[in-house]
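Participant: Kindly generate the complete structure, drawing on both the sequences and the hints.
This is what each chain is made of:
Protein chains: 2
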Amino acid sequence: MESSIKKISFIGSGNVATHLAKAFSKKGITIQQIYSQTCDNSEILAWQANSIYICDLDELNLDVDLLIFAVKDEVIKTLSQYILQKKTDIKMVHTSGSVGLDVFENAENTGIFYPLQSFSKTKKIDITAVPFLITSNNDAFKKELIGLSKILSDKVYEYTDEQRRHLHIAAVFVNNFSNHLFAIAQDYCEKHQLDYQLLMPLIHETIHKIDTIPPKDAQTGPARRKDMEIIDKHLYLLKQEDEHLHRIYSLLTDSILKMYK
Amino acid sequence: MESSIKKISFIGSGNVATHLAKAFSKKGITIQQIYSQTCDNSEILAWQANSIYICDLDELNLDVDLLIFAVKDEVIKTLSQYILQKKTDIKMVHTSGSVGLDVFENAENTGIFYPLQSFSKTKKIDITAVPFLITSNNDAFKKELIGLSKILSDKVYEYTDEQRRHLHIAAVFVNNFSNHLFAIAQDYCEKHQLDYQLLMPLIHETIHKIDTIPPKDAQTGPARRKDMEIIDKHLYLLKQEDEHLHRIYSLLTDSILKMYK
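Chain order of the listed sequences is Y and D. Residue numbers in the first sequence follow the numbering used here, run continuously in steps of one, and reach 261 at the last position. Residue numbers in the second sequence follow the numbering used here, run continuously in steps of one, and reach 261 at the last position.
Don't take each hint at face value.
[Stated by the list, open to error] 27 Å max Cα-Cα, derived DSS-like pairs, lysine-lysine:
(1) Lys123/Y - Lys6/D
(2) Lys261/D - Lys123/Y
(3) Lys72/D - Lys261/Y
(4) Lys72/D - Lys6/D
(5) Lys6/Y - Lys72/Y
(6) Lys6/Y - Lys86/Y
(7) Lys142/Y - Lys6/Y
(8) Lys155/D - Lys142/D
(9) Lys216/Y - Lys239/D
(10) Lys239/Y - Lys216/D
(11) Lys72/Y - Lys7/Y
(12) Lys77/Y - Lys226/D
(13) Lys258/Y - Lys261/D
(14) Lys216/Y - Lys123/D
(15) Lys27/Y - Lys124/Y
If you are wondering where the hints come from, they were derived from the structure by calculation, not from laboratory data. Keep in mind the model is a prediction, meaning the values are calculated, not measured.
Facilitator: Set out below in structure tokens:
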């Protein structure tokens, strides 16, 4: 599918903007301008994406095929309304998993362009494997967005606001919360002067296993075996040293027992 | 380091026994007998490890360099005491992360041989990368166990009961609990008719990232950004549809906020 979008500007120069701007630029899309309030990131990104950086929103050239808001959720509304006042039919999307279409207050050419991935500026990503979830009330514009996404990724899907919100919640569980469990283990090992790195083969195997076995079937451990002797021993140890960890161990153990009762 | 242990028998034929017996057999160690109460697994394993299976503990030949108890925690004591009554100086270890040396009640040649990995029978493991944690009060026997582990793995460590218990708790967090978060996400996606597989690139990136960045530094997401707007939105949605998920989301979010306050 061909896309008629050939010239894009970015509002924002953070992790998402960085990966998208560079990827589009590589595919021959013109990145016309990159706006950021602070200017520090946008200058580097503009150089990387063969673009121009601006620090004043009034310098934004509105003669563009698409404006991508890759900014914090709470500023999408203010910034987009400011621009829509100048040009009501400008084509714009944001990249947030949890903000709905209603943020654009029924402007005609608006949509959502959500890459389901955790981006870090300095970490390379295989963008062709990143799922892109597209939402728009305007069918013609939606088709253009789908065509545009397919330039980058093999995995492009039409999602409603509600579906995207649910997937975003699931993403918080698998990405942010699982990383937090690893961080807890890191802390716990350091506290007891144990080498956290010893856990890495186990972490790799946890993930490797669910490539072939769905996680619900791959579950192992004391709670899955209903081994109350070990569970009580762990709860007793944690109770004495860390009330907070005790609560997390207890709640997640109950949750496993509940899932397989 | 050479090991004087050349002839091993196994008590148990589950996941751990399967991986260890096959790995030792490949390295030229004789697996003399494999005992299991039920007999079903032991027959297959005996065939795979070029060994003999027995279903009656009294058929166990005590002329062996080492006896490995790879059984459920709660039966280690009964089974080991039964054998120690017949031969008090027999060399024996168990493979549990959470059972202490005291289970052997001061028998002279006893120890713990704990492979820190989640084993599934049908899933291949690179055993050379599995950390082996060795515990024993008998220095000469401990040296033999270390020598034996080094036949299988490049990562062999001397651990006290207390250290091993702590590492086992950390292992529950990184392996069992993180897998449970993936299972929750799988359930949640199925409930909302979303394709769980869309989350796989995100899960892979979560792990890939902590290969180079410690998890405490790799944390991202609404709680890390202190984005209370998204957090409140997610909590509101979950409160309405699933009280249990609401509690997990709430506790883990508080835990992240607490870690980075």
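Participant: Are the hints correct? Go through all of them and say.
Facilitator: Against the structure, the hints come out as follows:
1. Taking the CA atoms of Lys123/Y and Lys6/D, the gap is about 48 Å. The hint is violated against a cut of 27 Å.
2. Of the supplied pair hints, the one linking Lys261/D and Lys123/Y holds, its CA atoms being roughly 25 Å apart against a limit of 27 Å.
3. At roughly 20 Å between alpha-carbon atoms, Lys72/D and Lys261/Y fall within 27 Å of each other, so this suggested pair holds.
4. Using a Cα cut-off of 27 Å, the hinted pair Lys72/D and Lys6/D holds, with the two alpha carbons roughly 25 Å apart.
5. This hinted pair checks out: Lys6/Y and Lys72/Y have alpha carbons roughly 25 Å apart, not beyond 27 Å.
6. A C-alpha spacing of about 22 Å is found between Lys6/Y and Lys86/Y, which places the hinted pair at or below 27 Å, so the restraint holds.
7. For the suggested pair Lys142/Y and Lys6/Y, the alpha carbons sit about 16 Å apart, so the restraint of at most 27 Å is met.
8. A distance of roughly 15 Å separates the Cα atoms of Lys155/D and Lys142/D; the hinted pair therefore holds under the 27 Å criterion.
9. About 23 Å separates the Cα atoms of Lys216/Y and Lys239/D, which keeps this hinted pair within 27 Å; it holds.
10. Between the alpha carbons of Lys239/Y and Lys216/D the distance comes to roughly 23 Å, so the proposed pair stays at or under 27 Å and holds.
11. Restraint check for Lys72/Y and Lys7/Y: the C-alpha separation of about 23 Å stays at or below 27 Å, so the hint holds.
12. Taking the CA atoms of Lys77/Y and Lys226/D, the gap is near 19 Å; set against the 27 Å cutoff, the hint holds.
13. About 32 Å separates the Cα atoms of Lys258/Y and Lys261/D, which puts this hinted pair outside 27 Å; it is violated.
14. Distance check on the hinted pair: Lys216/Y and Lys123/D sit about 16 Å apart at the alpha-carbon level, within 27 Å; holds.
15. Distance restraint check for Lys27/Y and Lys124/Y: the Cα-Cα separation of roughly 16 Å lies within the 27 Å cut-off, and the hinted pair is therefore satisfied.
Checked against the numbered hints above, the structure violates hints 1, 13; every other hint is satisfied.
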